[in-house]
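*Asks:* Each chain, written out:
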Amino acid sequence: MPETWINIFLFVMLAATALAVVRTRHLFAVVMLSGVFSLLSALLFVTLDAVDVAFTEAAVGAGISTVLMLGTLALTSRREGPVSASRQLWALPIVVLTAAALVYGTLDMPGFGSPDAPAQRHIAPHYLGETASEIGIPNVVTAVLASYRGYDTLGETAVIFTAGVGVLLIISELGRRRRRDDEDEEGSVRNPEGAGDRIGGNSRSDGDIR
Amino acid sequence: MIDWQFIIDHANYWLFILLMMTGFYIVVSRGNLVKKVVGLNIFQVSVFMLYISIGKVSGGTAPILPVDLETEPGVVYSNPLPHVLILTAIVVGVATTALALALIVRIREEYGTIDEDGILAIEQAIVRGENVRHGDAMGDRA
Amino acid sequence: MRHHLILRTVSKLLIGAILLFGLYVQFHGDFSPGGGFQAGVIVAVAFILHGIVFGLGMVQRVFPRWLVHKLAAVGVLVYAGTGVLGMFLGYDFLDYGAFSPDHPSHGQHWGILAVELGVGITVAGVMVSVYYAFAGRPPQMSDEDW
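Residue numbers (this note's numbering), protein chains in the order written: chain A, 1 to 210; chain B, 1001 to 1142; chain C, 2001 to 2146.
No lab work stands behind these hints: they were computed from the structure.
Among the clues, some could well be false.
If we take Cβ atoms under 10 Å as the criterion, some of the chain A residues that face chain C in the derived model are [to be verified]:
hint : residue
1    : Val-51
2    : Ala-59
3    : Gly-63
4    : Thr-76
5    : Ala-91
6    : Ile-94
7    : Val-95
8    : Ile-137
9    : Asn-139
10   : Ala-143
11   : Ala-146
12   : Ile-160
13   : Ala-163
14   : Ile-171
Glycine included, C-beta positions come from ideal geometry on N, C-alpha and C.
Here chain A stands alone, though its shape is the one from the complex:
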């Protein structure tokens, strides 16, 4: 029973954080709140028995992604412009319709924590029962991750590598150095604001503050 109350408390905190993200216009606060959201969800993962997931979420969500978003803010701007009313008006029915469809989808789902749900009776008993004899390591999550589903994890590692290469191609200085040399030869000075002159002479360099 205390577990239920902890879950309810964590959920209320999560909902409050999400609402605060909706309301806040200061992007620095938004990024920090998203870190708080990740940390709270890590706590919820612990109460749902997913300790490995909680560990990852705490390290990744509250650590790395907050740092990356702050880095983006330093390179862009920290204020969100005013939101158009028509956009908000249109968003509401879309969201309500999606929510209704999703809730309809859950109506024939098995109950929370039910031991005879299909998900619990398919292959999980094999993993839990045979890991001791087939793999011989105590952490079943690691056994499934690295051995039973090794192909899967190889693919995920390749995806992470590819995303990293993509980031380097988009914003790394590696390819840029050569281009800047070319520009210097032509005698043009690069605009520190980056844009503006290249986009047909409009001067909206602080357009997002408006």
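We have chain A; now place chains B and C onto it with these hints.
*Replies:* Just chains B and C, lined up with the frame of chain A:
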């Protein structure tokens, strides 16, 4: 007649859908690209929580066996499979978030704004300018 | 960065402990929560903390950019190489029984260790190189604007 047991059994799904929709609302209703990415993150974490809650077994514990690998008969473990899938998805998620943020940085450099409406206005201005210059040859794209 | 005395001192103490904890998570992942994904992130965080507190130039002297980029690729190669090695020994791709034919679960131990190491190297390499890419650009606003 309200079926309370049904509501208690399914409330977890509905609560996570509520969080998901909060993230979705941010994505749809806000024009600022950084805020959209934060909204997507909230959406993503809510999906993770939905998955993990499917793997939970009442009275269960974390799927880590005793060090001597001798499982006691009475102990129930939660389903490890959703944990594995979500564990990798979190790290892949931050890698793709980094990709989105890199695109935002480049957009800011090219357009001078990270607001969706502002970018659209600049794009339309460019197309209109091209139409004036090239006239009917471009087929009046604007 | 001269003025953050407490931050600099505490970070100096912490970075060693964070790296050690990363190694513990990496190699103790068979027995307790943890593994390559978490360990890679924790090791990357140690270098990112160093970069934030002491500046990008200092951390790139310790952990140069070319090395980080190569590590991201090396991890995937270690993972795939483990699978290919098993194939050369006459087993299936990623069948760790190949590494200890007499005692299959020992082979599993070796295989999982190698594969998790590959994951950890890739994750650490990608996270640090992404941080370098973001931090290496000239910022658009000054420190006072925050």
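*Asks:* What are the numbers of the hints the structure violates, in ascending order?
*Replies:* 5, 6 and 7
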